[in-house]
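> Single-letter residue listing:
4 protein chains.
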Amino acid sequence: MALSRTSRENDPNGAAERETFLSGLLSHLMDQGRRLVSRRPAAGPAWSLAATGQPLPDLCRALLDRTGETAQVLLATEILARWGAADKRQKLDLLRALARDFGPSPERLERAIEAYQSEATPLAMHELHASAEPARQEVLRRLNLAPMGTVSLVRMREELLRHLKDEPDLRVLDADFVHLFASWFNRGFLVLRRVDWTTPASVLEKIIRYEAVHEIRGWSDLRRRLDPFDRRCFAFFHPQLADDPIIFVEVALTSEIPVAIRDLINDAPRDEAGDQINTAVFYSISNCHRGLQGISFGASLIRQVVEALKRELPSLETFVTLSPVPGFAAWLARSTATSALSAEATQALAHLDEADWFDRPEIASRLRPVLMELAARYLVVEKSPDGLPADPVARFHLGNGARLERLNFLADLSPKGVRQAHGLMVNYLYDLRELDRNYERFATAGAVAASRAVSSMVAPASRRRSGRAKAN
Amino acid sequence: MALSRTSRENDPNGAAERETFLSGLLSHLMDQGRRLVSRRPAAGPAWSLAATGQPLPDLCRALLDRTGETAQVLLATEILARWGAADKRQKLDLLRALARDFGPSPERLERAIEAYQSEATPLAMHELHASAEPARQEVLRRLNLAPMGTVSLVRMREELLRHLKDEPDLRVLDADFVHLFASWFNRGFLVLRRVDWTTPASVLEKIIRYEAVHEIRGWSDLRRRLDPFDRRCFAFFHPQLADDPIIFVEVALTSEIPVAIRDLINDAPRDEAGDQINTAVFYSISNCHRGLQGISFGASLIRQVVEALKRELPSLETFVTLSPVPGFAAWLARSTATSALSAEATQALAHLDEADWFDRPEIASRLRPVLMELAARYLVVEKSPDGLPADPVARFHLGNGARLERLNFLADLSPKGVRQAHGLMVNYLYDLRELDRNYERFATAGAVAASRAVSSMVAPASRRRSGRAKAN
Amino acid sequence: MALSRTSRENDPNGAAERETFLSGLLSHLMDQGRRLVSRRPAAGPAWSLAATGQPLPDLCRALLDRTGETAQVLLATEILARWGAADKRQKLDLLRALARDFGPSPERLERAIEAYQSEATPLAMHELHASAEPARQEVLRRLNLAPMGTVSLVRMREELLRHLKDEPDLRVLDADFVHLFASWFNRGFLVLRRVDWTTPASVLEKIIRYEAVHEIRGWSDLRRRLDPFDRRCFAFFHPQLADDPIIFVEVALTSEIPVAIRDLINDAPRDEAGDQINTAVFYSISNCHRGLQGISFGASLIRQVVEALKRELPSLETFVTLSPVPGFAAWLARSTATSALSAEATQALAHLDEADWFDRPEIASRLRPVLMELAARYLVVEKSPDGLPADPVARFHLGNGARLERLNFLADLSPKGVRQAHGLMVNYLYDLRELDRNYERFATAGAVAASRAVSSMVAPASRRRSGRAKAN
Amino acid sequence: MALSRTSRENDPNGAAERETFLSGLLSHLMDQGRRLVSRRPAAGPAWSLAATGQPLPDLCRALLDRTGETAQVLLATEILARWGAADKRQKLDLLRALARDFGPSPERLERAIEAYQSEATPLAMHELHASAEPARQEVLRRLNLAPMGTVSLVRMREELLRHLKDEPDLRVLDADFVHLFASWFNRGFLVLRRVDWTTPASVLEKIIRYEAVHEIRGWSDLRRRLDPFDRRCFAFFHPQLADDPIIFVEVALTSEIPVAIRDLINDAPRDEAGDQINTAVFYSISNCHRGLQGISFGASLIRQVVEALKRELPSLETFVTLSPVPGFAAWLARSTATSALSAEATQALAHLDEADWFDRPEIASRLRPVLMELAARYLVVEKSPDGLPADPVARFHLGNGARLERLNFLADLSPKGVRQAHGLMVNYLYDLRELDRNYERFATAGAVAASRAVSSMVAPASRRRSGRAKAN
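Chains as they are written, first to last, in this note's numbering: chain A, 441 to 912; chain B, 441 to 912; chain C, 441 to 912; chain D, 441 to 912.
Hints are not guaranteed to be accurate.
As the list claims (entries may be wrong) - SDA-like, lysine to any residue: derived pairs with alpha carbons at most 20 Å apart: (1) C:Lys605 - D:Leu563; (2) A:Lys605 - B:Asp527; (3) D:Lys605 - C:Thr561; (4) A:Lys646 - C:Ser660; (5) C:Lys646 - C:Arg730; (6) B:Lys646 - D:Trp659; (7) B:Lys646 - B:Arg506; (8) C:Lys646 - A:Pro668; (9) C:Lys750 - B:Glu752; (10) B:Lys646 - D:Ser660; (11) B:Lys646 - D:Met588; (12) D:Lys750 - A:Asp661; (13) C:Lys605 - C:Arg730; (14) A:Lys646 - C:Arg664; (15) C:Lys750 - B:Pro754; (16) A:Lys646 - C:Arg663; (17) A:Lys605 - B:Thr561; (18) B:Lys750 - B:Ala739; (19) D:Lys646 - D:Met588; (20) A:Lys856 - A:Asp661; (21) A:Lys646 - C:Gly658; (22) D:Lys646 - B:Ser660.
Don't read these hints as lab results, they were simulated from the structure.
When you get a sec, could you build the whole thing from the sequences and use the hints?
Given below as structure tokens:
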């Protein structure tokens with residue numbers, strides 16, 4: 441064996457040693473913030489801030505004028521405290537003011553445009569860029585200096601998102617949030633941690649609360665998902681959000697690609713010495729903060745979890761999801777695809793209106809081919825106006841380079857599963873060797889990577905459709 | 441006592457508890473990067489990168505085109521490795537190319553200007569800002585994704601700074617570095633750690649290397665500065681720079697404001713039970729990375745150290761520096777201030793050319809009032825073209841809100857001390873109650889905060905000068 | 441301030457620094473054990489142990505013969521695994537065998553006695569001591585080398601204690617357990633940790649399970665005891681028992697000495713900014729392992745918790761318990777003390793048989809003086825045959841040097857509280873300034889430290905009793 | 441792959457997670473002790489101890505009388521402080537007093553003997569054992585409760601060992617030390633940590649100081665031993681000795697079994713990408729505390745290091761020492777073995793008196809076979825009076841189950857190496873598959889495990905010797 445210096449990295453002892461100095465850094469980082477807050481009341485006159493009854497936008501203006509570092513931190517803290525206590529109306533007023541009144545300085549911008557137009561030097565372009573930066577970006581940066589500033593700003597954007605549809609003028613503010621969050625939540629600052637039964641309760645209760653796919657019903661249910669030898673959960677954390685996870689994924693280790701969710705989240709005891717484990721199933725991925733919408737973490741998360749699992753269990757061969765198809769039923773309801781179906785198929789579909797169709801084997805077996813083919817078409821062919829897959833979950837996994845591997849009939853018979861997707865679930869396969877290739881083809885040509893089995897279901901449908909097209 | 445929730449923050453036990461979950465985060469963060477590097481060779485064909493003989497600028501262009509996350513990380517890693525191995529010429533070529541060829545897209549920018557000029561909506565301003573962003577910022581952001589990317593970019597700017605004077609066209613690139621570094625080295629990500637004899641040797645050797653004010657001569661000397669009961673050293677660390685400190689300060693705990701550096705860094709044993717300690721002396725502050733020049737950490741460092749020391753030793757009353765006056769001798773040599781001196785004073789100054797003047801008490805005592813007054817004038821009155829104090833150390837401390845407290849004659853008789861400042865040193869006082877006020881007056885009116893003793897030395901000089909002015 | 445070297449110990453930063461190297465030690469310690477276990481199956485032929493069908497006592501004999509370290513560890517592991525799987529009968533057989541057949545060697549002992557009797561040299565005494573050591577102590581020491589050995593031995597003694605009453609011959613084995621446990625669970629190895637909502641769930645579920653005084657009903661109830669700003673919980677942990685606490689205490693922070701348990705464990709929201717906090721109330725102390733009975737941790741725990749709280753909240757003035765009086769009702773039922781009561785008192789006592797006497801104010805007010813006086817007598821005067829206070833809780837707190845401060849009527853109206861003590865609870869006061877004095881007087885003269893209020897209740901009763909005594 | 445629960449142990453992420461709660465325990469443990477000390481002066485009258493001018497033995501007597509826990513800790517602290525300040529004479533007085541005056545109680549012992557002789561019940565034996573325990577054991581146990589008590593007792597035994605030869609009466613005290621240390625320094629409490637360049641300087645300076653085999657000349661030399669990619673150093677630490685290592689081993693990773701020490705500790709740069717690494721060489725093992733003499737750690741250390749290295753570098757195949765033969769030259773000087781040598785051999789040996797014989801190839805080549813054969817005989821055949829190998833290093837490694845693999849001529853030409861062993865060094869091979877078998881044969885039959893190469897050198901010598909024996 442040729443020993444390179446880096447092989448040391450695989451040494452658990454060595455690693456532990458080396459971590460010792462660093463391991464305290466992060467906590468200090470967080471404690472610094474906390475202490476600032478907690479010490480404030482005791483800091484005395486020199487640090488105090490005159491109680492201000494001014495409206496929030498005026499305070500933000502003042503924040504831009506403050507030059508002293510401490511002064512900025514204190515005013516930012518005050519503003520965020522006031523924001524926290526403000527009512528809906530006051531909050532909206534601030535958001536509007538930021539979007540409207542905290543743009544760039546028109547004079548400086550005019551001058552910069554003029555200079556650029558007289559000669560397009562790099563320096564002129566630089567000044568143009570600088571002078572076009574809206575003042576609200578600096579406001580947000582300074583608010584971020586307050587203790588717990590980042591969390592507060594994530595919540596602030598959450599509020600903003602509620603109004604975005606009704607008030608398109610707020611979009612510029614949202615763009616600034618996204619710009620800054622992308623930098624602050626840089627992948628380099630995200631930390632992957634396993635979440636298990638030894639994780640602090642304060643983190644675990646957030647897992648219960650944030651689980652968005654398959655509801656966790658209390659601590660016992662949580663334990664069933666974390667503690668068994670064949671379960672894993674991983675989350676991304678961020679220094680500024682402390683013990684509040686950003687996104688997490690639940691994983692089951694199995695001996696084959698699962699066909700139904702009940703196999704993964706039921707209570708049945710499992711035989712440890714039993715089946716051969718070779719498959720990791722990602723069966724639930726939950727984003728924790730609406731305010732971080734559009735800042736993508738999922739791809740990194742899955743990649744890093746795949747790598748962590750590979751390290752732990754080298755014999756894992758297959759990494760696959762068991763995913764919902766949240767848009768299928770709605771699409772089917774409004775789609776014209778059904779108009780081309782055979783009478784028999786149409787008849788079968790009519791049974792979907794009956795509450796217990798899935799409990800009646802004969803009906804289910806008639807529905808099966810029809811639903812499967814329609815779902816394949818929905819997932820592979822159907823696109824949003826932006827050219828991406830219509831189904832949001834498909835968009836996410838295909839955008840990560842995964843492959844649509846298999847459709848599973850009667851896979852999720854919970855009310856939600858039946859309502860959203862007539863019980864269908866999907867496996868997306870993460871094959872490390874083809875992720876990048878798939879991704880490139882998806883990103884450049886919109887190509888959906890699908891297994892032969894899925895593709896073959898689509899082909900006839902498309903053919904038929906093109907047949908129809910010809911017929912027209 | 442009314443117990444607020446935050447009082448829990450002062451609970452060392454509680455704090456320790458809470459740290460447990462977080463304490464591993466940072467090391468994970470760093471290890472993620474390291475692992476990426478170390479695993480690369482083993483990652484196999486899917487992750488490999490075709491060996492590229494292309495010039496670095498072309499690779500940077502390719503980096504902008506890559507869409508897959510892994511692809512970006514690998515290419516960034518490759519570029520930085522190639523940069524590390526490049527010669528002076530190749531490096532300069534890349535820097536020039538970045539400054540010249542990676543600006544904004546002219547077409548998009550033109551369109552944005554046009555749109556803005558037709559109607560100055562917030563959205564138009566936003567697009568103007570976005571379209572004026574030079575492409576090199578995105579290049580730097582993507583390079584930062586590589587393992588050890590941040591360190592490499594700090595070194596890259598170090599290289600850039602060497603050429604800045606000769607090639608002003610590179611300044612736009614430098615501005616981009618500063619913009620990005622300001623965000624990445626955000627105060628919120630800096631961690632204050634005490635450095636002492638229990639600190640890892642790998643950190644300590646860097647302290648020895650980086651000490652910029654009073655050279656550390658090996659491990660025994662280092663120990664004398666770190667280990668005694670009345671010595672402290674604090675440094676800022678950053679997650680992405682691991683165990684490489686960013687800036688550090690050495691502190692001596694004393695019973696009075698020291699008048700000479702030899703009292704602090706000599707070898708004499710000290711009686712622990714002896715004097716009453718009430719003063720913390722910051723006698724050496726060293727920035728560790730030239731590549732971070734202009735990103736200011738010193739003010740935060742001193743504030744946080746003052747707070748940490750206050751917490752540890754509540755009876756500390758005075759926080760003061762013992763600082764060099766690096767520009768004094770050079771200023772004196774070229775200043776016209778001396779022309780107005782009395783004959784006696786001029787005669788005394790002539791002795792400065794003699795090597796051992798400070799060893800001759802009679803001469804020293806004649807020089808003392810002359811030098812002190814001139815130094816007071818240099819520090820309080822003399823300004824750079826930018827209106828800030830001429831002396832760089834004065835500029836730093838006064839800019840932090842400190843007060844020029846005392847001048848010390850024959851305070852540093854090392855060759856460097858005599859050469860730079862004729863042996864003078866200065867105490868700047870950090871009085872928490874007046875830091876912000878001083879800072880505001882300094883920032884807005886350029887006012888130098890000085891003790892009465894120092895001010896009174898300046899007054900006559902100024903008066904004399906204004907006298908002269910009148911006489912003209 | 442004269443700065444001694446030790447003042448550094450109060451420096452939270454400094455402390456954190458110093459901890460970094462040590463902080464990994466313990467986990468390594470535990471992991472070593474775990475790894476040994478987990479690796480065993482894979483360790484291959486050289487480490488394997490021939491499956492042995494021999495009875496456990498024979499295996500213990502073999503364990504004494506083994507000389508190789510690894511051989512000992514493997515056999516010890518095997519024995520403990522077999523013990524874990526054994527039935528009641530087999531377990532008892534082993535305990536009996538250890539007590540009966542694993543004594544000292546009679547021959548060696550005879551020789552040692554002879555030598556000692558011929559000349560009582562120190563060496564002869566040493567040999568006498570050594571030769572009288574029962575072989576079972578070495579058996580237990582070697583079993584302790586197995587991974588999780590200590591836990592297994594704690595469980596083994598738990599089993600032993602079940603038989604002790606019926607089989608007095610087992611007492612010598614119990615004495616050996618106590619001797620060894622006292623050394624292994626040396627106070628120096630116990631670690632005080634705060635338990636709160638950031639503690640791992642795996643620890644918290646044990647707190648729920650082990651709570652012995654006031655039952656915790658699930659995770660929400662637990663959170664109410666741990667998370668509010670005025671609640672604390674501290675536990676002792678031991679390296680060899682990992683995340684299994686040994687003993688823990690629950691604390692409420694209040695503004696006065698509480699008179700009833702419902703004030704501490706009810707659900708009512710509490711106003712953080714409200715009352716002045718100056719009192720710490722220890723309202724529940726639970727030993728976690730029956731197998732450690734007789735190895736006392738409570739005194740150390742309370743002392744250390746008092747110190748930790750003092751550090752966190754310097755304004756805490758009063759440290760007090762709110763304790764049950766578990767033996768009161770039983771004592772009252774069989775006591776002759778009641779025979780000397782007035783008719784009125786006797787009549788009042790008769791109401792205790794009615795289920796809801798405490799809900800009837802008129803009756804309660806008649807019972808109050810009678811019960812209080814009897815309880816004072818029970819606690820202050822009544823002794824076990826061993827001369828210690830009859831009440832086990834009183835014995836514990838008085839033995840720690842605490843003072844019996846106050847009796848509280850209608851303080852615990854839970855079924856258990858009414859059944860055991862007719863609803864009475866007691867405050868024991870921990871006054872650091874008098875703990876040692878109280879302890880010495882308690883240990884040497886059996887003196888019960890009691891407040892004037894309590895003492896004055898006892899006096900008349902005693903007088904009356906001595907009155908009766910005279911009359912006889 | 442059948443996944444057992446224990447496979448989780450191999451998960452670095454999982455492991456890190458689980459450590460988080462535990463990782464603070466140990467530091468708390470140590471800090472508890474430190475705090476006790478540091479707080480003492482401030483603890484006020486209730487905790488204070490009347491300054492005592494009494495002799496140390498009287499204080500030890502008083503320590504046995506104290507019943508209060510705090511009282512004991514304070515008095516123990518006082519005694520150890522007084523011991524630390526005592527002169528040689530006073531120390532010896534205390535040691536003598538402990539050995540002579542702190543035995544068992546004769547009365548109680550007599551009664552116990554009587555009872556035992558009347559009927560040898562288990563209880564009687566137990567009482568005999570208990571009553572024969574010398575009071576000094578309890579003294580030592582209580583001294584151990586003082587902060588830093590364990591360290592102080594290790595130093596106390598160091599002192600004791602200096603007098604043991606001259607005062608055999610002290611031996612009983614030494615036996616008590618050994619008995620207690622064996623329990624306190626139980627393998628279960630030892631923690632293996634890698635020592636490298638990221639280890640705290642406070643630990644590293646101890647490594648420099650304690651290195652007993654091949655002197656470390658300052659920090660640069662230390663770095664050469666710790667930092668290169670093919671070097672390792674591991675140490676055992678103990679909670680009560682904090683950052684003071686107990687024993688450590690230095691390891692070089694090589695591609696073959698080394699023949700000379702200069703190959704391992706010279707300065708030459710090494711090519712990382714170069715040779716294939718398959719061998720771990722233990723080239724220096726140092727015990728750090730004389731006071732722990734006789735408490736064996738080395739066997740555990742080597743075993744655990746072998747396991748740690750195997751985990752880090754699975755391709756390591758050979759674990760071997762490069763060891764000195766410290767007793768060889770002295771044995772040779774006094775041995776009669778040489779009398780049977782051929783004239784030629786005797787002549788060759790005479791050259792050993794010349795300072796530079798090893799620099800003269802012709803002489804060296806003549807000496808080689810003679811010295812090698814004699815050394816083989818010394819190591820394989822020669823025994824101490826106790827039947828163990830005469831050479832202390834051989835005794836250690838053979839006692840661990842290692843095999844004498846190879847003798848190396850001209851392997852250590854340092855003055856010490858030449859003086860002690862005429863430049864010879866030895867490889868002991870640790871083959872995990874035969875360690876236990878070798879150990880058993882060594883322990884039971886005194887058999888020395890040796891490679892065929894070494895055995896074959898001994899055979900003729902023995903034969904010759906037995907030849908001689910017959911001739912007599």
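> For each hint, tell me whether it holds in the structure or not.
Now the hints, each set against the structure:
1. C:Lys605 - D:Leu563: 16 Å, holds
2. A:Lys605 - B:Asp527: 54 Å, violated
3. D:Lys605 - C:Thr561: Between Lys605 (chain D) and Thr561 (chain C) the Cα gap is close to 18 Å, so the pair holds against 20 Å.
4. A:Lys646 - C:Ser660: Holds: Lys646 (chain A) and Ser660 (chain C) sit about 14 Å apart, inside 20 Å.
5. C:Lys646 - C:Arg730: Holds - the C-alpha atoms of Arg730 (chain C) and Lys646 (chain C) are around 14 Å apart, at most 20 Å.
6. B:Lys646 - D:Trp659: 14 Å, holds
7. B:Lys646 - B:Arg506: Cα-Cα ~37 Å, so violated.
8. C:Lys646 - A:Pro668: Between Lys646 (chain C) and Pro668 (chain A) the Cα gap is close to 18 Å, so the pair holds against 20 Å.
9. C:Lys750 - B:Glu752: With Cα atoms ~17 Å apart, Lys750 (chain C) and Glu752 (chain B) stay inside 20 Å; holds.
10. B:Lys646 - D:Ser660: OK: Lys646 (chain B) and Ser660 (chain D) at ~14 Å, within 20 Å.
11. B:Lys646 - D:Met588: 33 Å, violated
12. D:Lys750 - A:Asp661: Not OK: Lys750 (chain D) and Asp661 (chain A) at ~39 Å, beyond 20 Å, violated.
13. C:Lys605 - C:Arg730: OK: Lys605 (chain C) and Arg730 (chain C) at ~15 Å, within 20 Å.
14. A:Lys646 - C:Arg664: 17 Å, holds
15. C:Lys750 - B:Pro754: 17 Å, holds
16. A:Lys646 - C:Arg663: 14 Å, holds
17. A:Lys605 - B:Thr561: Given pair Lys605 (chain A), Thr561 (chain B) holds - Cα atoms ~18 Å apart, limit 20 Å.
18. B:Lys750 - B:Ala739: 17 Å, holds
19. D:Lys646 - D:Met588: Judged against 20 Å, a Cα distance of about 18 Å means the pair holds.
20. A:Lys856 - A:Asp661: 18 Å, holds
21. A:Lys646 - C:Gly658: Satisfied, since the Cα-Cα distance of roughly 17 Å is no more than 20 Å.
22. D:Lys646 - B:Ser660: Holds, because 14 Å separates the two Cα atoms, which is no more than 20 Å.
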